[in-house]
Amino acid sequence: MPDFKKQSRGKNIAENVNIGKQKYILRLFITGVMLNSINAIRNINKICELYLKENYELEIIDIYHHPEIAKIEQIIIIPVLIVKYPKPERRLVGDLSNSEKVLEILNINLP
Amino acid sequence: MNNDITDLLNQTKKLFNDKDELFLKLHEAIIGIKNGNVDAVFVPGEKGEKGLKLNDGDQTYRNFIENMSEGVVMLHADGTIIYSNLSFAKMVNLPIEKVLGKNMRHFIPSTDIETFERLIDGYPVDHSKVDIISLNVNGIETHFIVSLNKLKIHNFTALNCVWTDVTIQKQTEAALTSAYHACKNEVEDLKLAQKKLTLLYNTLKEDIHNTRR
Chain C
1 MPDFKKQSRG KNIAENVNIG KQKYILRLFI TGVMLNSINA IRNINKICEL
51 YLKENYELEI IDIYHHPEIA KIEQIIIIPV LIVKYPKPER RLVGDLSNSE
101 KVLEILNINL P
Chain W
112 MNNDITDLLN QTKKLFNDKD ELFLKLHEAI IGIKNGNVDA VFVPGEKGEK
162 GLKLNDGDQT YRNFIENMSE GVVMLHADGT IIYSNLSFAK MVNLPIEKVL
212 GKNMRHFIPS TDIETFERLI DGYPVDHSKV DIISLNVNGI ETHFIVSLNK
262 LKIHNFTALN CVWTDVTIQK QTEAALTSAY HACKNEVEDL KLAQKKLTLL
312 YNTLKEDIHN TRR
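Note that the protein sequences, when read in sequence, are chains C and W. With the working numbering, the residue at position 92 of the first sequence is 92, and numbering never jumps. With the working numbering, the residue at position 192 of the second sequence is 303, and numbering never jumps.
Check each hint, because a few of them may be wrong.
As a list, the in silico BS3-like pairs of lysine-lysine whose alpha-carbon atoms are at most 30 Å apart [stated by the list, open to error]:
| # | chain 1 | residue 1 | chain 2 | residue 2 |
| --- | --- | --- | --- | --- |
| 1 | W | 201 | C | 71 |
| 2 | W | 261 | C | 23 |
| 3 | W | 136 | C | 71 |
| 4 | W | 201 | C | 84 |
| 5 | C | 101 | W | 213 |
Covered, in the sense of this in silico footprint (three residues per stretch, anywhere, with C-beta under 8 Å from a C-beta of chain C), are these stretches of chain W [what the hints assert, rightly or not]:
| # | stretch |
| --- | --- |
| 6 | 114-124 |
| 7 | 204-214 |
| 8 | 221-227 |
Source of the hints: derived by calculation from the structure; they are not laboratory data. Quick caveat: nothing in here was measured; it's all calculated off a predicted structure. Even for Gly, the Cβ is constructed at its ideal location relative to N, Cα and C.
Kindly generate the complete structure, drawing on both the sequences and the hints.
What follows is the structure in structure tokens.
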């Protein structure tokens, strides 16, 4: 387990996340240009750039284009972020403005 | 008998677990709706799943834009693609899930970045601009007329871009220009040849005249 106490936020945390492991796999379900969907896109981008750097794969799925995926994933509320990897799968509903909650479901502990 | 009881117990346990899971999902959904930070509820229907938007009215326009052959993207002021129709995703040869959230600059070659920055900067809301920009698609530059409109949505300024592929027109223009220059060179060569022939004719005519004397 990386020793976060010895490292600063941001870049160094990103370097220690998932070293030698598979990337984070994230799916964000949105709908059109609704305000919360737009905010969710911008917020997840910020968090990924700050804490995950290149250790992630993000798919942003508009349910208009892929209602079948929404059915498979049992989506009820939009926007919703699904963390497919690392397991277990976790979800967070809403515009992702609460970064602490997002980091919690990403299993990222800040020093 | 014991097996039946065990099966029944297992089924009951599964039902309780499913109920708990569903309760959690619904609880989260209700909290989300109450807090106002969700956009839509997605529910199963008899004829397929239906998304119910909590604040809607735009479905007709959405269908219209989605069926356009031109690429349509909406950008946040920082260039993040917050909306794309399928035509634009096809233009850049990516699945649409990989287009949304990217910065528009990711798709523009360095030769046209300055044009793009000029296009998105320095003019007011509700005004539009048009220019020709290339997109870098798998290392191949394709040319587009871009019509850009700045507008206010929700609480920020967005950029609505319509991309019309003019690659074929550009190629035709290049071919016509090349053909024109080739023709022009041929005409010059023919003129030169004609001059030489005229000179030769005059020389021969004079020689014949001198011989007859």
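Now the hints, each set against the structure:
1. W:201 <-> C:71: Measuring from Cα to Cα gives roughly 24 Å; hence the hint holds.
2. W:261 <-> C:23: Violated. Residue 261 of chain W to residue 23 of chain C sits at ~37 Å, over the 30 Å cutoff.
3. W:136 <-> C:71: Holds - the C-alpha atoms of residue 71 of chain C and residue 136 of chain W are around 14 Å apart, at most 30 Å.
4. W:201 <-> C:84: Roughly 26 Å separates the two Cα atoms, so the pair holds.
5. C:101 <-> W:213: Cα-Cα ~23 Å, so holds.
6. 114-124: violated (count 0)
7. 204-214: holds (count 5)
8. 221-227: With 0 residues close enough to chain C, the hint is violated.
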